[in-house]
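A.B. asks: Starting from the structure of chain L, add chains V and P where the hints point.
Protein chains in written order, with our numbering: chain L, 1 to 124; chain V, 1 to 206; chain P, 1 to 310.
Read the hints as simulated data drawn from the structure, not as lab findings. Beta carbons: idealized from backbone N, C-alpha and C, even for Gly. Please note: incorrect hints may appear among the correct ones.
Okay, derived cross-link-like pairs now, DSBU-like style, lysine-lysine, Cα gap no bigger than 30 Å in a straight line [claimed, not checked]: (1) L:K110 - V:K200; (2) L:K103 - V:K200; (3) V:K199 - L:K110; (4) L:K16 - V:K199; (5) L:K16 - V:K200; (6) P:K59 - P:K97.
Derived list of chain V stretches under chain L, where covered just means 3 residues or more per stretch with a C-beta under 8 Å from a C-beta of chain L [what the hints assert, rightly or not]: (7) 28-35; (8) 40-49; (9) 95-106.
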Amino acid sequence: MATNVLICDDSSFARKQMARAIPLGWEVEIHFASDGLEGLEAIRQGKGEVVFLDLTMPNLDGYGVLEHIRREDLPAMVVVVSGDIQPDAQARVMNLGAMAFIKKPIDSAKTEAVLTEYGIMTKA
Amino acid sequence: MTTQIPLVTLSDDQRDCYQELTNVAMGQAADRLARLLDHYVVLPIPRVNLIEISDLRMAIEGARDGDAISAVCQGFIGNGIAGEALLLFNDTSYTDLARLAQYPAKLTHQDQLEMLMDISSLLIGACIQGIGEQLEIHFNQGHPVILGQHCDLKDILNVSHQKWRRTLAIEIHYTMEAVNVNCDLLLLFTEDSVQRLNKKIDYLLD
Amino acid sequence: MPNSNIDMGDIHWLMDILQNIDTGLVVLDKDYNIQLWNGFMDSHSGISPQLAKGRNLFKLFPDIPEQWFRQKAEPVFQLRTRTFTIWEQRPHLFHFKNYRPITGRATSMYQNTAIIPLESIDRSINHICVIIYDVTDAALAQQELHHQQQEIAKLTCVDHHTGLMALSAWQHQSARELAQCHRAPTPSTIAIMDLTGVNQLDDASLACVFGIVSRALRHTDMATLLDPNHLAVMLPASADSDVRFFIERIRKSISRKIPTLSQQHLATGIAQANPDFSHLNDWLQAAQHAMQQARQQQAEWISVHSSAAE
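Chain L on its own, in the form it takes in the complex:
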């Protein structure tokens, strides 16, 4: 069965780049959300088994989304994808329950390596 993957980023360009970076051969159904609130809603509907989450977003930012996921105990494996590459930002999202951190700009090699390392991707 295809994995439900949610790409949550306020930039349509970043969403497109992320979608392109998802490794070929990983059976996924991709969903999109353009801010934290939309993303959270999609996760509640089960569209985010794996979530690629941006941090800097309007309405509800990535930190907020992570807090909600934890509070509501939602079944989502979150990979934070952010341009905020300060060590502090990485430490914070890991504390909030993110599984991995991918630095922007996104590229497919980096993405695949992270997904494999954390056993997030299950290739068919």
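C.D. replies: Just chains V and P, lined up with the frame of chain L:
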């Protein structure tokens, strides 16, 4: 007479793309600043706009928020794309910044100048290079120029009475967590550069 | 940076250019040992590349402030960022003679520098390049311009009747000085002198008082007429105790020139800027209040505003 170049435009997709490229570049800049000062830098959503000269006045006015500011500008050029980076530094930031940067508590005019130059080298350089790398442009940077320390707004704007109508401006407002440090970085491109930049952007968007 | 347009065979050209370019190029390793020293550096320092190579920068040039230069260069190694310094920060990095030793006005060369990271094959930064630009002409021109602007500013601020600073300009400068005091507490002081007694005499006496005050001012001090009966002086970087001496000196000069005017006619209040003054008006009121007290005390005719009393 030179031929009039058409007024630059910016589609939603292009704006979004600029914003994302800036987001990544300013993240790299913030990371360097954070490591230099050992303090977390808050990252805002950058603003990308086509602005008229009067808007520039407003942008700077907004950055200033009534306080005295110090400003550094630095030109950059690469692949025929030219612009200027303008760092507007709120004078009230000096005290906390001095503490983080381990400068003496009692700042002389010279200390302030040193800090201003350190911060601007770092933020402007990282942002320009960050954007350049993503667009595969190598930007050369001119030497920074102090537009005025503790000067009035009108003194800064008097310097820039160039004949341009409308251009691309990227505004980044940096703040730091729990301390009073804030500065605005403005990236301004020349009118003809925007046409070239838009082409590069369109290529990325395809 | 890709240099696809350079063939290995052209390297000797590059070396020629490196030697002849009128800009200083110095490559340093992580221990600040000199790895490259071009013709510009050779000519101006008198130290040949053979001699410079491998030597430690700070040992070879002990007048380069090591801590300062490291502070600029370390981020280039650590963060791969370019650093720029301008002559306003420090007129020069290397003490070189001005290029125009005969007709030039400066004795030494003003320099801007750029410090750029040099990437090794494994992408790590083990070397930096310091580029030294001679900006002597630009620096001198700018200093000259700045000087003239100051002169013009002085001229436009002068009240032609009194020869003192115009009130609005004085207020503007004093407000800025107060803001400066809030940021870095330098003790700046305002003194207000009562001129009612002088005004009862003739115009010549008044002009004489203004002349004495103007001549007594240091370059940075500023005097103005708040109203016909009150003279205000703002003295940056002066504590109230220093200003007391200053006022006494002025009053002595005045009473020598105008014997009919006794000291009691020149009651003066002094107030040093303190963090409680949020506006220039607070500062002025404190000085005015002290002046009223001086008039009542009569013994000394000078009263100093005490911030502790508030």
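A.B. asks: So, for every hint listed, does it hold in this structure?
C.D. replies: Comparing the hints with the structure gives:
| no. | hint | verdict |
| --- | --- | --- |
| 1 | L:K110 - V:K200 | holds (24 Å) |
| 2 | L:K103 - V:K200 | holds (22 Å) |
| 3 | V:K199 - L:K110 | holds (27 Å) |
| 4 | L:K16 - V:K199 | holds (18 Å) |
| 5 | L:K16 - V:K200 | holds (17 Å) |
| 6 | P:K59 - P:K97 | holds (20 Å) |
| 7 | 28-35 | holds (count 5) |
| 8 | 40-49 | holds (count 5) |
| 9 | 95-106 | violated (count 0) |
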